[in-house]
Amino acid sequence: MGAGRTELAMSVFGRSYGTNITGTLKINGQEITLKNAREAINAKLAYVTEDRKGNGLILSNPIRVNTSIANMVGVSDNGIIDVDKEYQVAVEYKDKLKTKTPSVEQNVGNLSGGNQQKVLLAKWMFTDPDILILDEPTRGIDVGAKYEIYCIINQLVSEGKSVIMISSELPEVIGMSDRIYIMNEGKFVGEMPANEATQENIMAAIIQSGKGE
Amino acid sequence: MSNVNVLAVLKKYTMVIALVLIVILFQVTTQGKILIPQNVNNLISQNAYVFVLAAGMLLCILTGGNIDLACGSVVCFVGGIGAVMMDKNINVWISVLAMLAIGALVGVWQGYWIAYVKVPPFIATLAGMYAFRGLSNVVLQGYTVGISNTTFLNVFGGGADCFVPDFLGGGSLNMTCFAAGILIAAIYVAAILKNRISAKANGYEVAPLYSVIIKAVVICAVIVWLFYTLANYKGIPTALIWIAVVLLAYAYVTTKTTMGRYLYAVGGNEKATKLSGIDPRKPYFFAYINMGLMSGLAGILTVARATQAQPTFGQMYEMDAIAACFIGGASAYGGEGGIFGVIIGAVLMGIINQGMSIMGVEANWQKVVKGLVLLAAIIFDVMSNKKK
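So the sequence lines, in the order shown, correspond to chains U and G. Each residue of the first sequence is one higher than the one before, starting from 0 at the first, in numbering that gives the first Met the number 0. Each residue of the second sequence is one higher than the one before, starting from 0 at the first, in numbering that gives the first Met the number 0.
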């Protein structure tokens with residue numbers, strides 16, 4: 000899109016886009032510096048990438064491995080993997096997210112887009128984050144899987160997690176959000192609660208920002 | 000069993016099937032000489048360095064098809080230092096530890112440039128290949144240094160007496176060796192049973208019973224046959240113990256440890272691995288340190304077998320190790336492969352070498368055949384990746 004949404008989100012997530020950035024980051028009012036992705040995960044952040052094949056999943060590895068890769072401490076003891084536990088975790092998330100697969104030993108590359116997205120979500124849910132940044136979570140997946148992803152997001156919110164959803168589909172944004180920030184050309188150009196948001200005034204905010212220059 | 004299953008099994012065990020066919024071919028063309036006890040023993044002793052180097056090389060290849068061109072020179076360098084140390088009457092165990100430590104240090108040196116400075120592995124290790132070859136000549140001053148320490152030779156598979164002694168006294172058949180084979184097969188079966196029972200108790204899906212039985216019977220038969228054959232010669236060559244230790248250790252590292260997992264992850268998708276909070280530099284560093292350590296051990300085995308160190312030792316060893324990995328199914332793109340494949344690849348290379356030598360094929364033609372086998376294995380890898 001060129002609005003700078005992914006760049007912003009990845010920069011928040013432990014300077015993963017590039018380290019040459021400025022600005023302060025606060026979580027619950029506390030200023031915090033995150034130098035890399037590991038520190039961001041430890042600060043209970045999660046970033047679910049829009050590019051699930053390039054930045055998200057290891058396609059040549061099975062679901063089991065992809066589910067635990069961001070939280071190996073959770074399935075290992077002193078660097079030794081507890082394969083039984085890892086298997087149980089993968090099955091647990093497979094059932095929870097209704098991932099359609101014959102087995103968690105299936106390579107992720109063999110799954111459909113929607114099911115890959117669920118594995119990616121499972122991987123980040125297993126890190127037990129407080130704040131999830133979902134970058135275009137429904138891009139390129141079928142309608143049924145989209146609906147299931149929405150249900151998972153609502154479930155996460157009801158568990159008390161914060162979800163930041165990045166999307167360019169206005170009906171999705173208006174339907175899912177509590178508060179909407181609008182970005183254009185790398186800057187915030189508008190903020191509104193969802194009950195005031197319509198497609199017209201979101202578009203108006205973007206167009207006005209363009210005129211100002 | 001459906002057609003899809005048959006195809007999947009065939010694909011998984013292509014190289015095993017190729018190995019069996021090649022053994023049968025040589026069995027016919029050499030009138031059975033390839034599998035006589037002395038030749039089987041030589042196959043293991045002569046190729047010990049391939050197994051050891053290939054295990055280290057596998058880790059490097061897993062990180063993304065990266066290779067170590069320097070390991071042949073490092074073998075010579077480490078072997079040369081050890082030979083000179085023992086020639087100056089330094090204690091054999093201190094010498095051995097020094098050789099392993101120097102190997103690991105070489106790994107640290109190369110790993111640092113590759114992992115932390117991002118020098119392409121091909122270039123970094125090419126530099127090492129020249130530098131350590133030169134240093135080997137410096138250490139040995141261009142001469143051959145003999146090794147006369149019998150402890151060293153016996154323990155690391157050189158000289159006339161490098162076999163595990165027969166404690167059980169079985170006459171012409173080495174009973175210790177045969178008993179060890181039976182014991183290893185029994186341990187293997189017990190381990191499979193234990194796994195299967197615990198998997199069933201936890202409600203995991205398990206492979207169908209017939210396939211497990213077929214696999215177990217084949218592997219046990221191979222183990223018992225191998226040890227029976229060795230027992231008919233002089234028993235267990237000490238080099239085999241080192242091979243087994245290395246292969247078991249690396250099988251464990253690659254499948255059961257988080258570092259092993261990171262090696263596969265970095266090779267499979269480095270960007271995703273980094274975004275999952277894993278520092279991708281660590282697996283690279285780890286792989287090259289291990290490669291250095293294995294070069295050290297291979298250096299020990301090489302000079303022990305030759306009972307001397309020469310400045311020309313270890314030439315093309317890196318190529319044998321790389322070929323064994325790729326023939327054994329390691330992906331040239333990284334992220335795929337395993338120790339079992341390395342064993343198959345190394346044995347296949349060794350059998351081809353030995354079979355052709357027995358047949359009296361000229362050395363130059365042997366190289367042509369080896370090259371074609373390697374090419375065929377890589378073409379297979381590329382084609383099967385394309386279909387995905």
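Please note: incorrect hints may appear among the correct ones.
[Unchecked claim] Covered stretches of chain U (in silico footprint by chain G; criterion: 3 or more residues with CB under 8 Å from a CB of chain G, positions within the stretch not fixed):
| id | stretch |
| --- | --- |
| 1 | 28-40 |
| 2 | 50-63 |
| 3 | 79-89 |
[Stated by the list, open to error] With a cut-off of at most 30 Å between alpha-carbon atoms, the simulated BS3-like pairs for lysine-lysine come out as follows:
| id | chain 1 | residue 1 | chain 2 | residue 2 |
| --- | --- | --- | --- | --- |
| 4 | G | Lys366 | U | Lys99 |
| 5 | U | Lys84 | G | Lys193 |
| 6 | G | Lys214 | G | Lys193 |
| 7 | G | Lys87 | U | Lys25 |
| 8 | U | Lys84 | G | Lys255 |
| 9 | G | Lys270 | G | Lys199 |
| 10 | G | Lys281 | G | Lys270 |
| 11 | G | Lys11 | G | Lys255 |
| 12 | G | Lys10 | U | Lys95 |
| 13 | U | Lys25 | U | Lys84 |
| 14 | G | Lys117 | U | Lys84 |
| 15 | G | Lys273 | U | Lys34 |
| 16 | G | Lys255 | U | Lys52 |
| 17 | G | Lys270 | U | Lys186 |
| 18 | U | Lys52 | G | Lys117 |
| 19 | G | Lys193 | G | Lys10 |
| 20 | U | Lys95 | G | Lys214 |
| 21 | U | Lys99 | G | Lys199 |
| 22 | G | Lys117 | G | Lys270 |
| 23 | G | Lys281 | U | Lys34 |
| 24 | U | Lys145 | G | Lys273 |
| 25 | G | Lys273 | U | Lys84 |
| 26 | G | Lys273 | U | Lys52 |
| 27 | U | Lys145 | U | Lys34 |
| 28 | G | Lys117 | U | Lys34 |
| 29 | G | Lys11 | U | Lys160 |
| 30 | U | Lys145 | G | Lys11 |
Quick caveat, the hints were computed from the structure, so don't treat them as lab data. Quick reminder that beta carbons are idealized off the backbone N, C-alpha and C, glycines included.
Quiz prompt | Agreement of G:Lys117 and G:Lys270 with the hint, judged by alpha carbon distance not exceeding 30 Å | solution = holds, 15 Å
Quiz item: Given the hinted pair G:Lys255 and U:Lys52, is their alpha-carbon gap at most 30 Å?
Solution: Judged against 30 Å, a Cα distance of about 26 Å means the pair holds.
Quiz item: Are the Cα positions of U:Lys145 and G:Lys273 separated by 30 Å at most?
Solution: Holds - the C-alpha atoms of G:Lys273 and U:Lys145 are around 27 Å apart, at most 30 Å.
Quiz item: Is the straight-line distance between the alpha-carbon of G:Lys270 and that of G:Lys199 30 Å or less?
Solution: violated, 37 Å
Quiz item: Does the alpha-carbon distance linking U:Lys25 and U:Lys84 stay inside the 30 Å limit?
Solution: Measuring from Cα to Cα gives roughly 35 Å; hence the hint is violated.
Quiz item: Holds or violated: G:Lys366 with U:Lys99, Cα cutoff 30 Å?
Solution: violated, 49 Å
Quiz item: Are the Cα positions of G:Lys87 and U:Lys25 separated by 30 Å at most?
Solution: violated, 65 Å
Quiz item: Holds or violated: are the alpha carbons of G:Lys273 and U:Lys84 at most 30 Å from each other?
Solution: Holds, at about 24 Å.
Quiz item: Counting residues of the stretch 50-63 of chain U whose CB is closer than 8 Å to a CB in chain G, do you get three or more?
Solution: holds (count 8)
Practice problem: Sort out whether G:Lys193 lies within 30 Å of U:Lys84, counting only the CA atoms. | Solution: holds, 17 Å
Quiz item: Keeping to a limit of 30 Å between CA atoms, is the pair of U:Lys145 and U:Lys34 held or broken?
Solution: The hint is violated at about 33 Å.
Self-check item: Restraint check for U:Lys95 with G:Lys214, where alpha carbons must lie at most 30 Å apart
Solution: Cα-Cα ~35 Å, so violated.
Checked against the numbered hints listed earlier, the structure breaks hints 4, 7, 9, 12, 13, 14, 20, 27, 29, 30; every other hint is satisfied.
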